[in-house]
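Can you make the complete structure from the sequences, with help from the hints?
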Amino acid sequence: MNAALREPPRGGTGNIWLTLAALSFLGLFLAVPLIVVFSEALSKGAGAYLAAITNPLALAAVRLTLLVAAVSVPLNCIFGIAAAWAIAKFEFRGKSALLTLIDLPFAVSPVIAGLVFILLFGNNGWFGGFLMRHDVRIVFAVPGIILATIFVTFPFVARELIPVMQAQGKDDEETALSLGATGWQTFWRVTLPNVRWGLLYGVLLCNARAMGEFGAVSVVSGHIRGLTNTMPLHVEILYNEYNIAAAFAVASLLALLALLTLAAKSYLEWRQPELRRAPTQARSHGRTLRERS
Amino acid sequence: MSIVPAVPFGSRAARRSVIPGFGLTLGFTMSYLSLLVLIPLSSLFVRSLGLGWQHFWEVATTPRVLAALRLSFGASLVAAAVDAAFGLLVAWVLVRHRFPGMRLIDAMVDLPFALPTAVAGISLTTLYAQHGWLGRWLLPLGIKVAYTPLGVIVALMFIGLPFVVRTLQPILEDLDREVEQAAATLGATTWQTFARIIMPSLWPALLTGFSLAFARGVGEYGSVIFIAGNMPMRSEIAPLLIMTRLEQYDYAGATAIAVIMLLASFALMLGINALQSWTLTRHGET
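Which chain is which? The protein sequence lines are A and B, in order.
When you line the first sequence up against our numbering, it's residues 8 to 300, in that order.
When you line the second sequence up against our numbering, it's residues 4 to 289, in that order.
Don't read these hints as lab results, they were simulated from the structure.
We put the CB at the ideal spot given by N, CA and C, even for glycine.
All clues given are correct.
FRET-style restraints, in silico, Cβ to Cβ: (1) 26(B) with 182(A): 19 to 27 angstroms; (2) 73(B) with 182(A): 53 to 61 angstroms; (3) 35(A) with 176(B): 19 to 27 angstroms; (4) 107(B) with 85(A): 30 to 38 angstroms; (5) 176(B) with 270(A): 16 to 24 angstroms; (6) 198(B) with 182(A): 51 to 59 angstroms.
Output of the computed footprint for chain B on chain A, the stretches with three or more beta carbons under 8 angstroms from beta carbons of chain B: (7) 23-30; (8) 255-263; (9) 270-280.
Right, dumping it as C-alpha cells:
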C-alpha cells in the first residue's frame, strides 16, 4: 500500500549520502554487535561451541528458560484475550485508566519488577513468614522467576490484541449470537479466527521477551546453577568467569531466537500490514482506528 | 443482577450489549492485573511509607545514590537525543529512499527489541573493549568507551533506537508530498522545505520517540551493566545500585531508590501519554 508513497521524491531529497549515512550507522550500531556474537561464539572452533551448548549446566538453563516461557506466555495470552474482549466489545467507565494500568509494567525498570516480588515473598517480606512456615519457596526459586517474567511481559499480548479486536468491531459476534451460537462458540469460531494474526504477533513478542529477560529474573533468581539459572543468567555467569567463548555460544542461541522472532514478525507484518505500528499505546491506536472507520 | 422494571434512559442496563462475557472477562482482567502488577507494585510504596520520611530522605540522598540517579537520567537523556537525530535519519531513509535489501534493514531496526539485553551487553562490551573490533581503533584516538559513562550511553543508544524510528515511520509515510512539491515549485530549497514544511509535522512524533527511548533507558539494566564497569560514583547506574543494596540485605535503601525511579517513570509515562494524544491530533489535522 506504500508503493506510491515510497517513490523517491523528485525534489532532490533522494540523496545517496543520506542513505549511506543511515546504512553505516545501522551497520555499526546494529549489525556489528550481532556479528560479534556469532564470531566470538565460534572463535574457539565448532567443537568448543558444541561443548559449550551441550554442557549439562547450559542444558539445564535452556530447560528452565523453556519452562518459564511455557508457563508465563500462555498465562499472559489468556489475560490478553480476556482484556481485549472486555475492552473491545464493551463500553464501561474507567476504560482508559485500565489501558494505562495494563501498560504500567513497561514503565517499570526490570530490576524494580524483581524487587517487588522480593518485598512480597522474601524472608522478611509480607508473606515471607507464612511461606517459611509452610516451607514454600517462591523467591530464589522457579516460581519467583516465573512471576517476575509474567510481570515484565504482562502487556505484550493485550496491547497487540486490543487494537486488532477494536478494529474488528462486534458485528460478526452479534450476527453469530443472533443465529443461535453460544458465547463460547462465537468466541472459538468467530472472534479467535478473526484476530489470530494479531494474537500470534503478541505471543511472538511476549515469548521473545520472556526467554530473554535478564534484569527482573536476575533479582529473584538467586543464581543457583543448574536450578535457577535461565539462559541469560547463564550467559552472565560464564562471561564473568572469563569463559567468553562459552558465554557467547549460549548467547548465540538467544541471538538466533531474536533473529527467528524478527523473521516471523516481518512475515506477520507482511500478511497483516495493520499489525505494524508505532510502539505507542493501545489506547491511542484504538482511537485512530475508530476515527478512521 | 436483579430485574429492574423501568430502565432509565442512558443507564448502563439500557445500553447492555447482546455479547456475553463482560463480567467474566473484566473480572479476570482486573484480578490478574491486581494480583500480578498492582499489589506487587503497591508493596513497594507501602514499604517506603514504613521507612518514615526522615529515613527515606537519608537513604535516598546519599552521594552514591545521587551519582547513580544522575548517571541513569543523564546518560538516558544523551542517548535518547542521539537516537532522535540518527533515528530521524534512519526513518527518513527507510521511508523516502529505495535501495536493495531495504526490507531486511527495516526488519533489523527491531533487533534491540528482540535481542536479549544480556546478549547485547556482552557483545557491545567485547566490541568496545581494548582489543575489540571498535575499541582498538577508538582507544588510540583517546576515546574510551568500555567501562566508562560513555559505554553506558552507547548501550542505551542501542536499546533506544527502534523507539524513535518506529514512532517516526508512520508519520513520515503519511506526510503529504504535494505540500513539499508546492514549496519546491515556489522556490524553497531542500533545507527550507525540510525545516519549514517537514519538521513542524514531525516534532510531536520525534518528541514521543525521544521520550520512549529516554524512559526505557532510565530503567535499563542488562545491556548496561557489562559495559559500564560499575564503579560507584562514576559509572554505576541506579538499577544496579538497587541490586547492590538488595545483595547487602539493605531493603530500605533498595526500596527508596526504587520509589524515586518509579515516580519518575510514572511522570514520564503520563507525559508520553499527553504527547501521544498531541501527536494524534496534530497528525489528524494533516
